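Next come the chains, spelled out residue by residue.
Protein chains: 2
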Amino acid sequence: MLTITQHQKIIEDAIAKISYPPKPKDLYEPISYIMSLGGKRIRPVLVLMAAELFGKNPYEAIDAAMAIEVFHNFTLVHDDIMDNAPLRRGQQTVHEKWSTNTAILSGDVMMVEANKNLAKIDAKFLKDSLFTFNATAQGVCEGQQLDMDFESRDDVSIEEYINMIRLKTAVLLGGALKLGAIIADAKPEDAELIYQFGENIGIAFQLHDDILDVYADPEKFGKQVGGDIIANKKTFLLLKAFELAEGNDKTALKHWTQLQQFDNKEKVAVVKSIYDNLGIQNIARKSMEYYKNKALNVFSKINVDDEAKANLLVLTHQLMDREY
Amino acid sequence: MLTITQHQKIIEDAIAKISYPPKPKDLYEPISYIMSLGGKRIRPVLVLMAAELFGKNPYEAIDAAMAIEVFHNFTLVHDDIMDNAPLRRGQQTVHEKWSTNTAILSGDVMMVEANKNLAKIDAKFLKDSLFTFNATAQGVCEGQQLDMDFESRDDVSIEEYINMIRLKTAVLLGGALKLGAIIADAKPEDAELIYQFGENIGIAFQLHDDILDVYADPEKFGKQVGGDIIANKKTFLLLKAFELAEGNDKTALKHWTQLQQFDNKEKVAVVKSIYDNLGIQNIARKSMEYYKNKALNVFSKINVDDEAKANLLVLTHQLMDREY
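Top to bottom, those sequences are chains X and W. Sequence positions in the first sequence follow the working numbering and run 1 to 324. Sequence positions in the second sequence follow the working numbering and run 1 to 324.
None of these hints come from the bench; they were simulated from the model. Model, not experiment: these values are computed from the prediction. Hints should not be assumed to be uniformly reliable.
Copies of the same chain look alike in the list, so a pair counts if it fits in one copy or across any two.
In the DSS-like style, the derived pairs of lysine-lysine whose C-alpha atoms are separated by at most 27 Å in a straight line are [claimed, not checked]:
#1 K40 x K265
#2 K233 x K254
#3 K223 x K127
#4 K267 x K220
#5 K286 x K240
#6 K120 x K17
#7 K127 x K187
#8 K120 x K254
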């Protein structure tokens, strides 16, 4: 069994080897740019690991893994336009570095590239792979739409929020794992179990992100602590706080989330103190644990030796136990 | 053999029957909107006709045809953003009616929908179908990029222009026909011939459009005659005129294409008179005839009864002989 680092290296090597046509330059250069910005390559690694879990040589799962990674990067390019984001992994976003039109069209051709990678899969597994890939892609688009819809709504429930992060983040983790299972000829029930594992881990992962945004160690956190609070991002924490707050807490929460001009540090401190009054961190951690345990419970039902499962469990704990 | 109108009805019926999820509303409503704006449905009809040409029941080619039509509409939605177009078939474009973000994301999910239609194809033909579809989609993206690149260039050659319209317009006609051939289990050499037929017809078709923009009967033409001249659109006619013009014609052409403010009618009249001096219409018609004849020559080599070929020939002549 390969280590996680070895799996990551398979992906990095494959990305380094891609060669897009030299022309039209503005169509293909942004693809190489965004693909080279790095990241932990979690999603394609999940494809390889799931394939390996069900007995396939992970090197032979590279086309499916690349389909997932190129698709993921396509969503980043288009999401960054929609979110008006200037930076991605500390570098200029594609629409900032080139233009919105370039980011739209390069994104489109990345979607085609993702499908080209997918089409290389063994004909025997192609139909199932397409079904899973397309359902995943559709879910991710729905999640992004819901996320945008939420910005202008003030009645988003926790249930709706969980459904949004499920679609926007979690189905891609589930889809990546299921794709790996399919091309390894796993039994349909095992492919479905590993999908459920990924989806629940994905929800837990996003809840963890929401918590870390407020409670991470500022010395170690890669981003600004409290960024979500400053931006009024409707996270689990803020939605839960609005659900529970009464009296002064409620008044203060409304006041600070409606203020147009404020001192960032002061806003973060006030909102955080409201979260602390209401025990929001604890509630969020319990919800996170719920989805994590649900994931691990589903994972335990997969009909494969415990030894073969070790890698995915290690990765899960690495992802979930990070404190920054 | 079905008539062209019957083929169109198969497509319209299929479009009328589509039901997208009700939510998220802003993701799916624009798809129904753009798909219902009509048009002649040439591309999906080509899929059906090619399938029928090679002996398949056209009703059984509907998934492939819908993949092509949904993909085509996706490109319209994204192209309209990039071209800043307010109207499409006389109605508001998606980004005007909703927003740019909605048009980006609805377009993305249309690309997924196109792939979902494609994935329904018989597993036996799936790999070849995906290869043709993805190559087609990539070509269309390249064509759009080149078209945008040309806007800021003043050294575009006729050869580059033909390559741009080949990619932007013609490969989709070729790809639609080839897809129909593939799912009808046509021989690879026949599938390639019908692709070449479509590509050459597509180029001839676009050259015809360039000519009609200037020389159509204003009483019958659906659009403003001279629209390309007013917008300085680098058509075959303008590029050829720049190539051939000398002396006063060249000075006048430069002057009028650089003017920021002008009377539309006057500009159209002046540029048209330069075209007439240089015999541009005739040159463009010869080029159009060249591609049309190349298409018909390739078509004649397809190893199928002449009777079965009648429909596609009638459609070709309908498209090429229109004078407005």
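Against the structure, the hints:
1. Taking CA atoms no more than 27 Å apart as the test, K40 paired with K265 passes in neither setting, with 30 Å inside one copy and 59 Å between copies.
2. Taking identical chains as interchangeable, the C-alpha atoms of K233 and K254 lie at most 27 Å apart only when both belong to the same chain, with a minimum of 14 Å there against 53 Å between chains.
3. Proximity of K223 to K127 under the C-alpha cut-off of 27 Å is found in neither arrangement, the shortest distances being 41 Å within a copy and 44 Å between copies.
4. Only within a single protomer do K267 and K220 lie at most 27 Å apart by alpha-carbon distance; the minimum there is 21 Å, versus 64 Å between protomers.
5. Proximity of K286 and K240 under a CA criterion of 27 Å is satisfied intra-copy only: 13 Å inside one chain copy versus 71 Å between copies.
6. Taking identical chains as interchangeable, the C-alpha atoms of K120 and K17 lie at most 27 Å apart only when both belong to the same chain, with a minimum of 16 Å there against 32 Å between chains.
7. For the homomeric pair K127 and K187, the shortest alpha-carbon distances inside one copy (15 Å) and between copies (23 Å) are both at most 27 Å.
8. In this assembly of identical chains, K120 and K254 lie within 27 Å of each other by CA distance neither inside one copy nor across copies; the values are 53 Å within and 50 Å between.
The structure fails hints 1, 3, 8 (numbered hints given earlier, in ascending order).
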